[in-house]
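A.B. asks: These are the residues of each chain, in order.
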Amino acid sequence: MTMFDYDARPVTPQLLLIGTRSSAGAYDIRDFLTRNGRPYEWVDVEDLEEGTRLPQGIEIEARLLPICVLPDGTKLAPATLEQVAAGLGMVSAPSQAEYDLAIVGAGPAGLASAVYATSEGLSTVVVEAVAPGGQAGTTSMIENYLGFPNGISGNELATRAATQATHFGAEILLARRSVRVSPDRAGYTTELSDGTLVSSRTLIFASGVEWRRLEVPGIEDLLGAGVYYGAGPSEALGCRGSHVVVVGGGNSAGQAAVRFSKYAQNVTLLVRGGQLSSSMSRYLVDQISSASNIEVRTGSEVTGLDGDGELCGVVVSSREGGVKDLLPADSLFICIGGTPRTEGASNAGLQTDDGGYLLTGDDVLTHAGRPGAWPLERQPLPLETNLPGVFAAGDVRHGSIKRCAAAIGEGAMAVALVHHRLAEDADD
Amino acid sequence: MTETAGSGVSQFAELASDERIAATAEALERNGIRALVVENGEQARSSVRSLLEDGAEVFNNTSRTLEQTGIAEDIEGSGRYRPLRLRLYQMDREMQGHEMRMLSAAPDYVVGSVHALTEEGSLLVASASGSQLGPLVSGAEHVILVIGAQKIVPDIATGLRRIYEYSFPLEDERARLAYGVPSGVNNVLIVNRVLTPGRVTAIVVRERLGF
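Protein sequence lines correspond, in order, to chains F and E.
Under the working numbering, the first residue of the first sequence carries the number -14, and numbering increases by one thereafter.
Under the working numbering, the first residue of the second sequence carries the number 69, and numbering increases by one thereafter.
Here chain F stands alone, though its shape is the one from the complex (with noise of 0.2 angstroms):
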């Protein structure tokens, strides 16, 4: 026991989650409370001995499954994301009639725009659909950020991030995503998944990418029943003794496998490259390389999957062809590529590459086939996209580089360029 266990537990109640593993429902549940840095007590049904009684008195019903308490005893059954956030007291509206900024995504790059404009004192609001921090704040321990020679987790820095955002006075719109965006009076209304309208001068595309769907028949029936997109944070100390299988080269995947070495059995790191150095930074490499429990399949693929309503095997195929293996498997994590997060942008008329990734700048004019878009006498400023006063930064933007610091910097020079936008409309 160390002195975290002893003297670092609530004293007091907590939010009480129990439900099934298998239950994507719950898994959203606690993907969500994990990632928003809320602590729960977790409890799995399927682990409970007979004639075990339940905190309060709960009798478990399997249709009312999951079943949520909330820290001033308040019952959900079957509880729902959108329910527990409310719950909690996290789910709030706008403040104002209109800010100066609305960002779209509270990633690295959204955060760090909003840092920038309300420390440069621009009423700002960030619109997040999960938690603060994006796919980074879902790392375990980012060991090339600059200024941290330990690293720093990506929960703890979106945590700090958010902190000082909201110290300069910017307002976070949790558990709701964006749905449309539409140009209005003022400058641009966002309407959120929940009906919320949220109406600004100017506004940032930050909303990053999501994992890249892996095409494996029967995935759809097993995700959050073993199979994750993403390192799902929450499920490591379920993992624990466990067969875990992560997919993908990059540094999530490399640093989902060292995370999920420290509590699984074992862990295999399926690639599709000939070799890992070639898309993965050195210092992941080293560490998965002398961790005695993970292995790494290069020139693999997952092919199928074996469950019944929970994950129990993977099925790997070397690229080459000939060679299938079923590996027997707990959780499934898959960490691979990613599609841009643009739900409300295309119709708003923003342009995108073929990928679906934002254009902006340059590119707005000078893409192929897209002549004529831009409506202004000026050029677009280097991360505006096809509608004046609307940006884009980080991953969802076409050309940025994909790294923290990257979308980070790019947060902050969309303020500038957002200042740049708003004089121009105070000229008019």
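None of these hints come from the bench; they were simulated from the model.
The model shown is predicted, which means the values in this text are computed figures rather than measured ones.
Label-pair restraints from in silico Cβ distances:
hint : chain 1 : residue 1 : chain 2 : residue 2 : range
1    : F       : Ser266    : E       : Arg244    : 42 to 48 angstroms
2    : F       : Pro134    : E       : Ala225    : 42 to 48 angstroms
3    : E       : Ala173    : F       : Ser266    : 27 to 33 angstroms
4    : F       : Leu49     : E       : Val205    : 45 to 51 angstroms
5    : E       : Leu263    : F       : Gly106    : 36 to 42 angstroms
6    : E       : Arg169    : F       : Glu280    : 30 to 36 angstroms
7    : E       : Val205    : F       : Ala78     : 43 to 49 angstroms
8    : E       : Gly207    : F       : Ala401    : 37 to 43 angstroms
9    : F       : Glu34     : E       : Ala173    : 38 to 44 angstroms
10   : E       : Glu121    : F       : Gly106    : 20 to 26 angstroms
11   : E       : Glu209    : F       : Asp412    : 44 to 50 angstroms
12   : E       : Val205    : F       : Glu34     : 43 to 49 angstroms
Residues from chain E that keep clear of chain F, each with C-beta distances beyond 12 angstroms, as calculated:
hint : residue
13   : Gln79
14   : Ser85
15   : Val106
16   : Gln111
17   : Ser115
18   : Ser206
19   : Glu209
20   : Pro237
21   : Val262
22   : Pro265
Positions of the beta carbon are idealized from the N, C-alpha and C atoms, including for glycine.
Given the coordinates of chain F, work out where chain E should sit on it, guided by the hints.
C.D. replies: For chain E alone, kept in the frame of chain F given last:
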């Protein structure tokens, strides 16, 4: 163990008189510790609320006193502060050990109690892990201690006896129930004087709180 605890109950559970409380408060002030005397736990809770800055990082030490008065609930559940216990609890111990040590070492505020307060104005705190002691001595920017007046003792020797004979058996029983492990008087902190004015506030409550 039980006999020892039993023999100490009447002595160490008895509230100090108003005169002893007043004299102890004066002694605390002389030692550089701001002293507030309140009537009950509710007033102590209000005092803590008025002392804590909104948005501050606050670590509430493991303390029956804080639980009894509702102060722990205010810190962890009100949303007014950034409660460090909650943040530490959800961190990955394997990957974030360094961050956890850094965070727990230097909060804006640490709120806790003591096991004995002497009439000479000294504070005695025992800890099994010792993790709570560093922030009390120097790590935390501000320290707020809520102390039931039954913890007032004549001197340090009696204070140490109070820890071993009274507080420890009760804390040991609590730890076994709560964590399934025994407690221990593994570390003892004695604060005789505080050099930074205003850093440490002791709220002495005319009510039996904690042990």
